[in-house]
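Asks: Chains E and F, in that order, give the protein sequences.
This note's numbering numbers the first residue of the first sequence as 1 and each following residue consecutively.
This note's numbering numbers the first residue of the second sequence as 1 and each following residue consecutively.
No lab work stands behind these hints, which were simulated from the structure alone.
Check the hints yourself; a few may be wrong.
Claimed, not checked - Examples of chain E residues toward chain F, derived with CB under 10 Å:
| # | residue |
| --- | --- |
| 1 | G61 |
| 2 | Y161 |
| 3 | S190 |
| 4 | Y269 |
| 5 | F339 |
Just so you know, even glycine gets a beta-carbon here, dropped at the ideal spot from N, CA and C.
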Amino acid sequence: MEVAVAAIRKIVGFFSNGSRIPAAAGIKAAVLSLFFIASTAQAEVLPEDSTDAMYHSYNGGGVTVDGPSYLVRKGDNKNFSVSANYYIDSISSASIDVVTQGSAYNEQRTQWSGSVDYLHADTSMTVNYSYSNETDYQADTYGFSISQSMFGDLTNVSLGYSRGDDDISSNVDPSFDETADHQNYHVSLSQVLTKKLLMSVNYDAVTDEGYLQNPYRNIRVLNDPNDSSAGFNFNTPETYPNTRTSNAISASFMYYLPYRAALKTGYRYYTDDWDINAHTADVGYVHPLWGKWILEFSYRYYTQTDASFYGDLFERPDQQNFMGRDKELSEFTDHTVGFALSYDVLENGWGYLDKASLNFKYNHIWFDYDNFTDVRGSPAVGQEPTYDFDADVIQIYGSVWY
Amino acid sequence: MNVKRIGSIILPLVLLISGCSSIEPWVKPYERAHLADPIMSFSRAPVSDSYLSHIYQVREGARGAEGGHGGGCGCN
Numbered sequence: 001m002e003v004a005v006a007a008i009r010k011i012v013g014f015f016s017n018g019s020r021i022p023a024a025a026g027i028k029a030a031v032l033s034l035f036f037i038a039s040t041a042q043a044e045v046l047p048e049d050s051t052d053a054m055y056h057s058y059n060g061g062g063v064t065v066d067g068p069s070y071l072v073r074k075g076d077n078k079n080f081s082v083s084a085n086y087y088i089d090s091i092s093s094a095s096i097d098v099v100t101q102g103s104a105y106n107e108q109r110t111q112w113s114g115s116v117d118y119l120h121a122d123t124s125m126t127v128n129y130s131y132s133n134e135t136d137y138q139a140d141t142y143g144f145s146i147s148q149s150m151f152g153d154l155t156n157v158s159l160g161y162s163r164g165d166d167d168i169s170s171n172v173d174p175s176f177d178e179t180a181d182h183q184n185y186h187v188s189l190s191q192v193l194t195k196k197l198l199m200s201v202n203y204d205a206v207t208d209e210g211y212l213q214n215p216y217r218n219i220r221v222l223n224d225p226n227d228s229s230a231g232f233n234f235n236t237p238e239t240y241p242n243t244r245t246s247n248a249i250s251a252s253f254m255y256y257l258p259y260r261a262a263l264k265t266g267y268r269y270y271t272d273d274w275d276i277n278a279h280t281a282d283v284g285y286v287h288p289l290w291g292k293w294i295l296e297f298s299y300r301y302y303t304q305t306d307a308s309f310y311g312d313l314f315e316r317p318d319q320q321n322f323m324g325r326d327k328e329l330s331e332f333t334d335h336t337v338g339f340a341l342s343y344d345v346l347e348n349g350w351g352y353l354d355k356a357s358l359n360f361k362y363n364h365i366w367f368d369y370d371n372f373t374d375v376r377g378s379p380a381v382g383q384e385p386t387y388d389f390d391a392d393v394i395q396i397y398g399s400v401w402y
Numbered sequence: 001m002n003v004k005r006i007g008s009i010i011l012p013l014v015l016l017i018s019g020c021s022s023i024e025p026w027v028k029p030y031e032r033a034h035l036a037d038p039i040m041s042f043s044r045a046p047v048s049d050s051y052l053s054h055i056y057q058v059r060e061g062a063r064g065a066e067g068g069h070g071g072g073c074g075c076n
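Construct the entire structure; sequences and hints are all you get.
Replies: Okay, structure coming up:
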């Protein structure tokens with residue numbers, strides 16, 4: 001039975017980076033790659049040998065992003081496990097920023113990543129590397145983490161560090177050449193609380209330095225600071241601070257119900273020195289059906305305050321040292337409702353394969369912005385409605401274990 | 001006096017540490033069947049959860065402490 005808990009899965013993360021930016025948080029995206037693999041396991045085990053093939057699709061706010069993702073993992077069933085992931089985003093964007101400040105575009109982002117896990121007694125170590133490539137953004141990310149089980153495998157502690165180095169160029173200005181560096185420090189704790197209750201606590205500190213803004217996005221400025229009826233323009237580039245430090249801490253719980261089903265819930269608090277504070281809460285319910293099916297429902301709530309230098313409309317081009325009009329830096333709330341269905345195809349294995357599953361996951365997200373307005377059609381200043389949109393997120397994937 | 005003071009600090013520490021070393025798992029291995037059920041995983045499908053985290057990370061200001069996963073693409 002010891003093995004039972006030991007078999008609790010290890011989460012494998014794939015670093016990704018880079019971002020084409022018209023209407024996008026490109027550099028922000030690069031930072032995201034820093035987030036570490038965390039383990040929800042108590043006892044240390046290597047990840048299972050498996051291969052996954054996934055089709056993913058995001059459609060919302062005038063943006064469509066889809067593509068495949070392939071993961072292969074193989075170990076020696078003893079100390080080592082190696083993984084490789086190939087991921088593509090095919091992007092077609094006519095987002096509100098693109099519509100108001102530029103023109104629709106298509107592009108592709110490709111990402112390769114790999115990891116090596118090493119297990120020794122109750123300790124496991126992981127090294128990762130990822131490379132992401134777009135026409136105007138290349139990013140390398142390196143990571144290392146170590147995980148230790150203790151107290152009879154009731155507790156697991158993980159520490160991680162990763163670093164990302166980004167090269168940013170521009171598709172419209174050949175002379176544009178900037179860099180950004182990101183560092184992530186991660187600590188997590190997984191704890192068996194009772195026979196039916198698990199807890200996971202995670203903390204991340206992230207620091208960024210370099211070019212953190214969007215080379216394509218401009219701010220909205222009044223044509224005449226003394227006469228709002230004169231309209232506005234998008235002629236002034238954004239200006240962000242060149243450093244950012246953030247802290248995030250979360251706690252998640254998983255409870256086994258009196259019948260065979262599980263309830264999970266979590267909360268995250270986020271704060272950074274750009275004055276963004278955010279709260280995230282989620283709840284999920286997992287229910288097996290007829291032996292081979294697993295059904296899952298989830299809800300997620302997210303809300304954030306705006307960055308100190310965010311503005312929907314500035315009076316003058318030099319109003320502040322730092323100015324931005326990225327809707328991801330504004331004050332907003334979003335809600336997600338999702339369901340997932342998975343089916344065990346080969347419950348008892350077949351030849352070389354131990355098992356296989358087919359999976360479908362759907363999420364619908366509603367974004368509602370408090371101080372980012374919809375200026376399509378150039379409405380009169382003061383008459384702009386606040387912006388909102390919703391998105392469909394679909395994942396279809398198959399997995400085999402061997 | 002100093003020795004006593006030092007002792008008053010060290011003794012509880014020693015007891016604490018020795019106590020830690022003898023902590024008995026309050027959930028015995030044979031009591032963990034429910035915890036080992038696949039439905040009790042915080043992430044049953046890492047590839048899928050990584051992707052979903054990436055969707056949020058690109059479109060929200062907050063980042064980190066998601067319990068794993070990576071991901072990123074500024075494609076909004």
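Asks: Now tell me if each hint is right for this structure.
Replies: Hints, one by one, checked against the model:
no., hint, result
1, G61, "7 Å, holds"
2, Y161, "13 Å, violated"
3, S190, "8 Å, holds"
4, Y269, "8 Å, holds"
5, F339, "13 Å, violated"
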